[in-house]
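Undergrad: With the sequences and hints as input, model every part of the structure.
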Amino acid sequence: MALTLKEVEHIARLARLELTGEQKELYREQLSAILDYMAKLRELDTKDVLPTAGGGLTQMILREDELRPSLPKDALLKNAPKSEDDQFKIPPVFE
Amino acid sequence: MNGSSLSPQSDKSMTNLTELTIAEMQAGLRTGDFSSRELVQAALDRLSKVEPALHAFLYIASEEALAAAAEADKKRKSVGATGQFPLLGIPIAVKDVLTVEDLPCTAGSKILEGYVPPFTATSVTRLKDAGAVIIGKTNNDEFAMGSSTEHSAYGYTHNPWDLTRVPGGSSGGSAASVAARCVPAALGTDTGGSVRQPASLCGVTGLKTTYGRVSRFGLIAFGSSLDTVGALGRTAEDVAQIFSAMAGRDELDATSADMPVPEINFDGDALRGLKIGVPKEYFISGIQPEVEEKTRTAIQQLKELGAEIREISLPHTEYALPVYYIIAPAEASANLARFDGIRYGPRVDADNLWDVFFKTRGQKFGPEATRRIMIGTYALSTGYYDAYYGQAQKVRTLIKQDFEAAFRDVDLIAAPTAPETAFKIGEHVDDPLAMYLEDVFTLPASLAGVPGISFNCGFDKNHLPIGLQLIGPYFREDLLLRVTHAYQQVTDWHKQSPKL
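Chain order of the listed sequences is D and F.
The first sequence begins at 1 in our numbering and counts up one residue at a time.
The second sequence begins at 1001 in our numbering and counts up one residue at a time.
Source of the hints: derived by calculation from the structure; they are not laboratory data.
Hints are supplied without guarantee of correctness; some may be wrong.
[Unchecked claim] Cut-off 30 angstroms, straight-line C-alpha distance, at most; resulting in silico cross-link-like pairs (DSSO-like, lysine-lysine):
1. K73(D) to K1110(F)
2. K1359(F) to K78(D)
3. K40(D) to K1280(F)
4. K1461(F) to K1495(F)
5. K1424(F) to K24(D)
6. K1128(F) to K1110(F)
7. K1110(F) to K6(D)
8. K1359(F) to K24(D)
9. K1049(F) to K1074(F)
10. K47(D) to K1400(F)
11. K47(D) to K1280(F)
12. K1400(F) to K1280(F)
13. K40(D) to K1400(F)
14. K1110(F) to K24(D)
TA: Written as structure tokens, this is what we have:
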């Protein structure tokens, strides 16, 4: 199935990706081919099949919800492109 | 076909040290034939010689490793016996999607350029606790997405058997560094084949663990229901040591399994009476003829060692590829949402927050990561979820049931690891579907979450290694390792090394 340029732009917007015109055209072609391949899955009747949720046999094991020490603030802020007063600094969200 | 064929060097003893397996290193350390510092120095010397041609590493931690080795030597003197520290002073490399505190970590992506993690992955912590010395971080496809290591944003890794070819991926740097005798073992991760396929293409032994067997804490997430941490080494014995050191429950990963980790005993007859299934769906047209020939020969050898061979069917095998390339990108699109230029990595500046997200992500993710984020976002988007993601998770159940049914009849499954030997750099890089087909034999086990192993079982006419894959029931890494060991006792493919 061939994706339209508009669909590619919609996906990129959902994924928060700014793409060039050239990229949009490339991904339109490549994604269309990949999605064609995926259509193979519709061959199978899965009406009575339960979907898999999670990997392997694993059951989630949750720990007690209790307060524990965490990494110090400076360790977490040292990788931030911008920080100020122990906080991540970002451009204005509202004008 | 020449075995150990390292070019003669002035300092012969140092060259020999990098030829040793972990088991041999341990013996030499015990008897005092050499120190850990000498082992680590030998690894670094070997690296400075071959790394310009290979580019297997993204970061070489020379100073840290030498300091850790000196510590290990001191500890050996003071503690004496090393039962508590089985890997004391052994150099190991770590794939760059696993964090090591204070060592730069990019996952092969520009969006994490400059990132220095403040914490260490549990798998690595456990190796360090066992005494291992971390030599550096190995190259991989960006966020472990790829089958050739060409999708690393920092340049590709070359296959040590033929520098014009890829090492496989995504753990290509780990596989190449083991094959080239830089380190005796390295950590890799396997989401759809990323330990087994590069192990096959580089002629080393690579174990993909059961989902949940090894903690994912500190593994930069790609497909959270598929990601596993594994090990690559030259022998099953060495891989078993790494596996035993890092496996087991970790409360920092809620999906890590609360299952006992058995001691792996290599004594006795691993193959006598063992039933091995050979799935007919793994010997399809399009597979390189020498791959079929050598893997069938290896299966025949397993029979001669006492195994009973049966043809079996895993009927939904052909659906594994479309299932995987919906589920893995869907999970990746969610996992990679965290990279937005706010908390780590570079930021592309803009006047408003919205544009910071779009520009940073648009400019810093490479082509394959972008492609997968797009596929995953589409598969999860309103109106398409049921048709793609929902249907894929249902077919995944059928694939799982194939394995469950097979393991009621057989103890292990044997098949080729990859449909072809190492391909040329650039051959598939612009054709995503052709690249995805490289994983066609490794994806089913990943989707089911069962363990698998790949080891060298011969060479093609270009002297490129061919891998045999064994797939086992949940949590039976011990069986995979014991059978591989038995095979390696009667063959010497794993002892051959590339000319470099």
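Undergrad: All the hints need checking, so say for each whether the structure fits it.
TA: Hint-by-hint comparison with the structure:
1. For the hint pairing K73(D) with K1110(F), the CA-to-CA distance comes to about 25 angstroms; that is within 30 angstroms, so the pair holds.
2. Of the supplied pair hints, the one linking K1359(F) and K78(D) holds, its CA atoms being roughly 22 angstroms apart against a limit of 30 angstroms.
3. Taking the CA atoms of K40(D) and K1280(F), the gap is near 20 angstroms; set against the 30 angstroms cutoff, the hint holds.
4. At roughly 18 angstroms between alpha-carbon atoms, K1461(F) and K1495(F) fall within 30 angstroms of each other, so this suggested pair holds.
5. Distance hint between K1424(F) and K24(D) is fulfilled; the C-alpha atoms sit about 28 angstroms from each other, no more than 30 angstroms.
6. Our distance criterion of 30 angstroms between C-alpha atoms is met by K1128(F) and K1110(F), whose separation comes to about 28 angstroms.
7. A hinted pair counts as satisfied when its Cα atoms are at most 30 angstroms apart, and K1110(F) with K6(D) qualifies at roughly 28 angstroms.
8. With a C-alpha separation of about 15 angstroms, the suggested pairing of K1359(F) with K24(D) holds against the 30 angstroms cut-off.
9. A threshold of 30 angstroms between alpha carbons decides the hint, and for K1049(F) with K1074(F) the separation of about 28 angstroms falls inside it, so the pair holds.
10. Annotation: proposed proximity of K47(D) to K1400(F) holds, straight-line Cα distance about 17 angstroms (limit 30 angstroms).
11. At most 30 angstroms may separate the alpha-carbon atoms for a hinted pair to count; K47(D) and K1280(F) meet this at roughly 27 angstroms.
12. Restraint check for K1400(F) and K1280(F): satisfied, since their Cα atoms lie roughly 17 angstroms apart, inside the 30 angstroms limit.
13. A C-alpha spacing of about 18 angstroms is found between K40(D) and K1400(F), which places the hinted pair at or below 30 angstroms, so the restraint holds.
14. A hinted pair counts as satisfied when its Cα atoms are at most 30 angstroms apart, and K1110(F) with K24(D) qualifies at roughly 20 angstroms.
Going through the hint list in order, the structure satisfies each hint without exception.
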